[in-house]
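Undergrad: Sequence:
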Amino acid sequence: MQCINKRLKKLLLAVSATIMLSGNFGSFISIIVSASENNETEDVVTEAVVQDGLNSKDESINEVTREEVSREGSNEEDIQDEAPTDRVDGETKEVFLDGAKDSYSDMEKSYMDFLNSYDELTEEEIIENLDAFQLFIDDEDTIHSMIEVLEPKGFGASQNKDLVERLQFIREENKQKSVVNSLMTTPLEEVSNMNMMSLSSTANNTTVERIAGQNRMRVAENISRRGWNSSDTVIIANGYKFTDALSGTPLAAHHNAPMLLVSDKGIDSETLTEIARLKARNVIILGGPRSVPEHISNTLKNRGLNVRRIAGQNRYDTSRMIAEEVISLRGPSTAHLVNGDAYADAVSISTVAGRYKQPILLTRANELHPEVRKLTNTIKDWRIIGGTTSISNTAENQLKSRVSNATRLAGKDRYEVNKRVLNHWGISGGRVYIGSGTAFADILTGSIIASRENSGVLLLDESESNIQTAENYSRNRGLNHFIILGGTNTLSNRINERFRDLYKSSKKIIYLDPGHGGIDPGAVYGGISEKTLNLSLARILRDYLVSSGKYEVVMSRNSDTFLTLEQRANDANARNADIFVSIHYNAMGGVNAGRARGIETFIHHRVSSGFGQETNRNAFLTRDPRIRDSLRLADQIHPRLISATKLNDRGIKGNNFGVLRMTKMPAVLVEYGFMDNATELSIIRTTQHQRIAAMATKNGIDSYFGF
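The working numbering numbers the first residue of the sequence shown as 541 and each following residue consecutively.
To be clear, the hints were calculated from the coordinates, so they are not data collected in a lab.
These numbers were taken from a predicted model, which means no experiment stands behind them.
Computed Cβ-Cβ distance ranges for the label pairs, DEER-style:
#, residue 1, residue 2, range
1, A1133, K1044, 49 to 55 Å
2, P1179, G1130, 29 to 35 Å
3, D1189, S941, 37 to 43 Å
All C-beta atoms, glycine included, are put in the ideal place defined by N, C-alpha and C.
Generate the whole structure from the sequences, applying the supplied hints.
TA: As structure tokens, this is what we get:
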């Protein structure tokens, strides 16, 4: 293996460009990546589009043998600092500081110092070093991990396993932006599928367990029984007013203590029995008497237990007091800031906070809470969890003005934030806990055992799109052991079945429906029929989808054939398709012919009878999971079409179209442009434009499924 050669001439450090060596380190090397040549790579399609229904007199769809297909770019928020670079004439050059140009020995020494100091470093220091030592490319453009090269002699097997797993998940944090013949330097979040030293399981079998109970108290006790044979300390919180307990995971983790739940009415006999089984001597109550009444404290004291309460005037005060206790026990470290009124981000970060015994602080969305301000002199390193809706830029700036470092980890919704947390801090092995993204009590108690196992909690709900995204996430990381937190009222047996069969069939079934056909030409303008354009675009889209290797594609028709609407919908239902995409072109006709232009996308909108009037998204019945998922599909496809084609945006609308009404899966009908507008027809009939539209549609489908 040609690993480190020619002075690491083609070193690729994928996030932090600088090796920040801490602890007992001697000299350090600051290395800036040497980027590949900055050549844009065009996606070139050379095959012709087969056309049906055209004769020699028709104005044929223009054949284009080579053209650029526009691809949608990623707008993901970069949650890491941009790597510093020295640029000369647009290129990035190597920079070596405090080390010789031939720096292999310096790097080897630094690497071994890092390994020898591993147990003494903070989590953030470890992350910084992993960023720096992660990847490089040799002169044969082979990607390697520094750990492969610099063998960790004398480094413990468990430590090495932890180190490798951290690399795995940092590297896979977000989807790869560009993997072509030459690799361009990208932020680490954007690098994935570079599968060196992968610990991902390729097994086709999964284990799915469930920790359930008659109610959340019983679930907490069953989690306790699963994780602890005994415990000197038990944490008590109200299972129905659990805001005070949101910050409790790191404290519980420090004491290696389970969390048990009570209600306002009292403490159940089953909970008392579990405390006795654990042989606990100490109880820590989280929250004031309004959360956990004093008579519960007295009941515990009467059983000979040492009981103390951590309680403030409100949830923010309580979280600050819990944080101060964690700091007194562990010393100041990184703190995590979450919205005190929205629980999802808090439960997502709780396993990380428990793993590293780092405090969780609650704040309001629009300002940094005064209770948080009290700790900014003590804690200087902060992670803001959630987007600007959860914690505003104002609150972020207020925090940054008071501390030395504050970075945000965000996503478009709670589920994306959750996956970013899991990616950023990693999961040990193939096990992950699954919790509801809308009912958090079971996660509150389950996060402690998950943190102890260096695992995490994957959030999802019953919507098809979120299940599919969670499935894809799990497949991409080779996860094969799933533990569902809570009973079937929280997450149904459908979740069991889906994750049990996770690896049985990884390809999604896409049903493409080229509208019209045969005796039904659809709109006819400029010597070309809509049915021909529909089929041409559908074939291009099919080829893009199939070539990705992610999809099985079924087409309602692949020739100039007539099918009823019922036949199309019934066929899609019978094939158990994952999504349905109906492809059409538009026309106003009559006196309005030629006046309209642009793309519009439809989902099903119910009406009591008849064809019905189209409606906008404000009237969509999104309580119906199928309609909600159809809207999510439309929201991924439609904006990409507008961005790629530059055609007018006519919006996402609802209507009672037959194929949308009769299909059982998420379904959209896309009108790709107006044939009765001569200018637009001259554009949409070309192969080049159809390829652009097909690629944008494919990218939208990829995004919907989380690919």
